[in-house]
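**Q** Line order of the protein sequences matches chains X, A and L. All letters in the first sequence, in the order written, are residues 1 to 400 by our numbering. All letters in the second sequence, in the order written, are residues 1001 to 1323 by our numbering. All letters in the third sequence, in the order written, are residues 2001 to 2152 by our numbering.
For the record, the hints were derived by calculation from the structure and aren't laboratory data. Check the hints yourself; a few may be wrong.
Simulated pairs of lysine-lysine, DSS-like, Cα-Cα distance not exceeding 27 angstroms [claimed, not checked]: (1) A:Lys1231 with A:Lys1032; (2) X:Lys166 with L:Lys2016; (3) X:Lys166 with X:Lys258; (4) X:Lys183 with X:Lys203; (5) L:Lys2073 with L:Lys2101; (6) L:Lys2124 with L:Lys2070; (7) X:Lys2 with X:Lys336; (8) A:Lys1064 with A:Lys1231; (9) X:Lys282 with L:Lys2124; (10) L:Lys2113 with L:Lys2101; (11) L:Lys2101 with L:Lys2027; (12) A:Lys1231 with A:Lys1071; (13) X:Lys183 with L:Lys2016; (14) X:Lys166 with L:Lys2027; (15) X:Lys308 with X:Lys288; (16) L:Lys2017 with A:Lys1032; (17) X:Lys288 with X:Lys319; (18) A:Lys1064 with X:Lys15; (19) L:Lys2027 with L:Lys2016; (20) L:Lys2070 with L:Lys2113; (21) X:Lys2 with A:Lys1074; (22) X:Lys282 with X:Lys319; (23) A:Lys1074 with A:Lys1064; (24) X:Lys183 with L:Lys2017; (25) X:Lys166 with L:Lys2032; (26) L:Lys2017 with L:Lys2032; (27) X:Lys15 with X:Lys319; (28) L:Lys2017 with X:Lys166; (29) L:Lys2113 with L:Lys2027; (30) X:Lys45 with X:Lys308; (31) X:Lys258 with X:Lys203; (32) X:Lys314 with X:Lys45; (33) X:Lys282 with L:Lys2032; (34) L:Lys2101 with X:Lys166; (35) A:Lys1032 with L:Lys2016; (36) A:Lys1032 with L:Lys2027; (37) X:Lys2 with A:Lys1071; (38) X:Lys15 with X:Lys258.
If you want the building blocks of each chain, they are given just below.
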Amino acid sequence: MKFQIPIGPQHPALKEPISLRMTVEGEVIRDADLRLGYNHRGIEKLAEERTYLQNIYLTERICGICSHSHTTCFVQGVEALLEVVAPRRGQFLRYLVAELERVHSHLLWLGVAGHEAGFDSFFMYTWRDREVVMDILEMISGNRVHYAINTLGGVRRDIDEALRTKILDSLGILRARTDYYFKLGANEPSFVGRLAGVGRLSKEDALALCAVGPTARASGVAHDVRRDDPYGIYGEIPFEVCTADSCDVLGRTVVRIKELGQSYNIIEYLLRNLPDGPVAVKAPRRAKPGEVVSRDEAPRGENIHYIKANGSDKPERLKVRAPTLANYAATLARLKNGFIADIPLIFAAIDPCICCAERTVELIDGRSGRPTVVRWSDLRRRAARRAGRVSKKRNVECPL
Amino acid sequence: MSALKTLLYVFVYPGLVFMFVYSTFCEWFDRKVYARLQNRMGPTHTGRWGLLQPVADFFKLMAKEDIVPEKADKTMFTLLPIFGLAVVATAMLLLPVWHFNPAAGGFNSFSGDIIVLLYLLSLPTIIFFLAAWSSTNVFSTVGGTRVLTMFFGYEVPLFLAVLSPALLAGSWRLAEIARFFQAKPVLLLVNLPGFIVAVICVQAKLERTPFDIPHAETEIVGGTFTEFSGKKLAFFRLMTDVEMVVSSGLLATVFLGGFPGGLVLGFLQFIVKTLFVIFLLSLLRAATSRIRVDQVVSFAWGYLAPLAVVQLFFVILLKGFVL
Amino acid sequence: MRIAGFVPELLRHLFKKPATVDYPFRKLEVPKDFRGTPFLHPETCIVCRACERDCPAEAIEIVEVNAAEKRFKMTIHNDRCVHCAQCVDSCPTDAMEMDDKFEISAFSRWDLKEEWEYVRAVVKPKPAAPAPQAAPAAPVSPSPVKPSESET
Ligand code: SF4
Ligand code: SF4
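Chain X extracted, bound-state conformation:
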């Protein structure tokens, strides 16, 4: 017996609205379909009406977890357009926050993976230890989520010696706990039984479907923007690109845990070699006409911002390619012929950040192939028509 089960747009496994329609036969998924667009916020359009400075805070809100990656990516691009270079101390602090953010994001992901697999104790413990890095971030920047530390030409806040020592001390705790989770995650039979062999993505598929970030690295594709196209000061920082060959969800877990270790090393390097000097330089308000593509390695993978300047203090166009968008194709292919029980795990394994990936939708007429523009009034009419059809029995009030 085949039937469809809707996962989302509201579902306990998903923290954000996205809709997956699963055609299942018993416990086995036969077909998967993805529907996006529940959380489109018009950020790119809005960015055209804000100055570069204001846009930093706007791009920060593209994502709630990798907020710093988006501002870093944006600020790098705009700094190139404005022809300013952030001072070295400023850059060190910028990428220090970036690595701290990676630590918090990966710890968060570990907890989420535990929760999706029904391992709530693991979830509680990883999130408890994540508080350590959240507190550090709060002390550096004044906020737990939106650090707002980047500005054009550097960073906005400096750290003092006390804070530097404190971060170095906390690294010890974090390292010990991460080692423990590595041992635990690879040993608890019920957990490993859920992760191993689930959601296989071969190396060829990962390349063909353009997977990025830990998803690709877990399939043996050693791709990391920090090393392949070093931005900022990453060229001088020693670190390894972590990969795994098991190609499954367990591999993605292992890659993330290993990356945590690399991030601790990077943080330690940055703090030990922190240069003196100013943290920011003055940046002009207007950019000369031109365009730039800026990339950085967000915790979830490669993040791309395209910025076009037209000589005013506002960008003419901002285009954001969030890493989740690149990973959707790889995920959908994995779901087929899996079990219902694996849906949350496979989907969570790319660490989806759904509202980051929501972009403008262009509707294309299936018959003529022409793109159509749908007006608000059309939408209303369609909704009313549909509501009229459905609610013959009860008089449902149409919200529009």
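Chains A and L with the ligands: place on chain X using the hints.
**A** What follows is chains A and L with the ligands alone, placed relative to chain X:
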């Protein structure tokens, strides 16, 4: 006078009031232990140390709107929670703690009551399946089939594990089994593998992690209970709590030597031993991750059933050659 | 693979103090320099409108009440504010500051509005920020970097 006594039995002790109080207490204990194992606080605010939280949850749910889906089988949907609660409440009466008439047995202690108790503990599973099926939701349907699939996995090992002490004691009456082991406590050690199997099976019967598959929230939302709300959900929750008390009472009777010592001391033993079993269940819940339904069946038939069979053979040999 | 590898860790925490706090009854302290809600010191505001211009959420509104008296009214719409502290950075006279309140929910968005009516101050703006010379051991300066005031 005797009518009054009967009423007291039915409504106060060991009837509804006591059942409600003790099962909510056990839920509190389970939640608190689970939370403390996870370095959290658990319920703190309602009542002293949050003791009244499960009671508050129950009454809150009772006051909530009660929605019956349009396509559901209304009679089944309404009757099943009440029926389920009645079943587990009856099962609770069979535990040999309530000394109505210790010498002669009586309506709640007779030869074969262990079978009746096991049967009454199987019924909730069927009720969950029917409840899921009659609510016609896709998530419920998937949950319902998972309930049944799991049932085929854990039920046989549970029966085998529970029956081996009965064989050793040579009686089908819970009170007598308990008395046998009270006389020879050393023999309790023989049943240790059976106890482990039984604890795992009870965990599966109660649908708690790692066997919370029928209502795995990250996969199939509420699973079996997706469409249940208000009073019906409150009844189902109370039913699960009572089931937890009954099954831990059963394990305490057959594996931990029952509850000797008369009315008061026996009752204290009952509390301590059931809480110990519930503690083990909480620890198991905290230490594991949910597994897949196919893994349950292969685990139950690959490990639990053989272990229970070995235990059974060992008991038979022991009884034949040593005792 | 180890069976029950997690159990020792779990049992170790059974009698430990919980890591969580009993939130509405006990609260954690926020660090210094926490970005709470912005507020104005009206005695130093010179109405340069830098904060109004730079606020990414358009949460600051300055209107002239009386031109002759040079009276102005500033409204901070806390319902729109995103607590970025850009206004603090932009202000040349340190008239803007952030407090450490974070529990600022209200039943109506109008309750979140804050207003100040004041006469324009005559304070000399600080010399346009020489990007702060952050000595390595210097404590975090409360109003750190002001790179944004420059206009091309
Ligand atoms: S904190 Fe940010 S959003 Fe709030 S008023 Fe100041 S500049 Fe505007
Ligand atoms: S930036 Fe400062 S001085 Fe200028 S208007 Fe705002 S508060 Fe007043």
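**Q** Each hint should be assessed against the structure and marked as holding or not.
**A** We went through each hint and held it up to the structure:
For the suggested pair A:Lys1231 and A:Lys1032, the alpha carbons sit about 24 angstroms apart, so the restraint of at most 27 angstroms is met. For the given pair, X:Lys166 sits about 24 angstroms from L:Lys2016 by alpha-carbon distance, which is consistent with the 27 angstroms threshold. With a C-alpha separation of about 23 angstroms, the suggested pairing of X:Lys166 with X:Lys258 holds against the 27 angstroms cut-off. Between X:Lys183 and X:Lys203 the alpha-carbon distance is near 26 angstroms, which keeps this suggested pair within the 27 angstroms criterion.
For a cut-off of 27 angstroms, the pair hint linking L:Lys2073 to L:Lys2101 stands: about 23 angstroms separates their Cα positions. The hinted pair formed by L:Lys2124 and L:Lys2070 meets the criterion: a straight-line CA distance of about 17 angstroms does not exceed 27 angstroms. At most 27 angstroms may separate the alpha-carbon atoms for a hinted pair to count; X:Lys2 and X:Lys336 meet this at roughly 14 angstroms. For the given pair, A:Lys1064 sits about 7 angstroms from A:Lys1231 by alpha-carbon distance, which is consistent with the 27 angstroms threshold.
Taking the CA atoms of X:Lys282 and L:Lys2124, the gap is about 21 angstroms. The hint holds against a cut of 27 angstroms. Among the hinted pairs, L:Lys2113 with L:Lys2101 is consistent with the structure: their alpha-carbon atoms are about 15 angstroms apart, no more than 27 angstroms. A distance of roughly 12 angstroms separates the Cα atoms of L:Lys2101 and L:Lys2027; the hinted pair therefore holds under the 27 angstroms criterion. At roughly 19 angstroms between alpha-carbon atoms, A:Lys1231 and A:Lys1071 fall within 27 angstroms of each other, so this suggested pair holds.
Taking the CA atoms of X:Lys183 and L:Lys2016, the gap is about 23 angstroms. The hint holds against a cut of 27 angstroms. Proposed proximity of X:Lys166 and L:Lys2027 is supported: the alpha carbons are some 22 angstroms apart, at most 27 angstroms. Under the criterion of a C-alpha separation no larger than 27 angstroms, the hint pairing X:Lys308 with X:Lys288 is consistent with the structure, at around 10 angstroms. Proposed proximity of L:Lys2017 and A:Lys1032 is supported: the alpha carbons are some 13 angstroms apart, at most 27 angstroms.
About 18 angstroms separates the Cα atoms of X:Lys288 and X:Lys319, which keeps this hinted pair within 27 angstroms; it holds. Taking the CA atoms of A:Lys1064 and X:Lys15, the gap is near 26 angstroms; set against the 27 angstroms cutoff, the hint holds. Distance check on the hinted pair: L:Lys2027 and L:Lys2016 sit about 20 angstroms apart at the alpha-carbon level, within 27 angstroms; holds. At most 27 angstroms may separate the alpha-carbon atoms for a hinted pair to count; L:Lys2070 and L:Lys2113 meet this at roughly 23 angstroms.
Restraint check: the Cα-Cα separation between X:Lys2 and A:Lys1074 comes to about 26 angstroms, which is no more than 27 angstroms; the hinted pair holds. For the hint linking X:Lys282 to X:Lys319, the alpha-carbon distance of about 26 angstroms falls within 27 angstroms, and the restraint holds. The hinted pair formed by A:Lys1074 and A:Lys1064 meets the criterion: a straight-line CA distance of about 18 angstroms does not exceed 27 angstroms. For the proposed pair X:Lys183 and L:Lys2017, the alpha carbon gap of about 25 angstroms is at most 27 angstroms, so the pair holds.
Using a Cα cut-off of 27 angstroms, the hinted pair X:Lys166 and L:Lys2032 holds, with the two alpha carbons roughly 15 angstroms apart. Restraint check: the Cα-Cα separation between L:Lys2017 and L:Lys2032 comes to about 26 angstroms, which is no more than 27 angstroms; the hinted pair holds. Restraint check: the Cα-Cα separation between X:Lys15 and X:Lys319 comes to about 25 angstroms, which is no more than 27 angstroms; the hinted pair holds. For the hint linking L:Lys2017 to X:Lys166, the alpha-carbon distance of about 23 angstroms falls within 27 angstroms, and the restraint holds.
Under the criterion of a C-alpha separation no larger than 27 angstroms, the hint pairing L:Lys2113 with L:Lys2027 is consistent with the structure, at around 25 angstroms. Between X:Lys45 and X:Lys308 the CA atoms are separated by roughly 13 angstroms; this keeps the pair inside 27 angstroms, and the hint holds. Straight-line distance between C-alpha atoms of X:Lys258 and X:Lys203 comes to about 19 angstroms, which keeps the hinted pair within the 27 angstroms bound. Taking the CA atoms of X:Lys314 and X:Lys45, the gap is near 12 angstroms; set against the 27 angstroms cutoff, the hint holds.
Between X:Lys282 and L:Lys2032 the CA atoms are separated by roughly 26 angstroms; this keeps the pair inside 27 angstroms, and the hint holds. At roughly 25 angstroms between alpha-carbon atoms, L:Lys2101 and X:Lys166 fall within 27 angstroms of each other, so this suggested pair holds. Distance restraint check for A:Lys1032 and L:Lys2016: the Cα-Cα separation of roughly 13 angstroms lies within the 27 angstroms cut-off, and the hinted pair is therefore satisfied. Taking the CA atoms of A:Lys1032 and L:Lys2027, the gap is about 22 angstroms. The hint holds against a cut of 27 angstroms.
For the suggested pair X:Lys2 and A:Lys1071, the alpha carbons sit about 20 angstroms apart, so the restraint of at most 27 angstroms is met. Of the pairs offered as hints, the one joining X:Lys15 and X:Lys258 holds, with about 25 angstroms between alpha carbons and a cut-off of 27 angstroms not exceeded.
Of the numbered hints stated above, none is contradicted by the structure.
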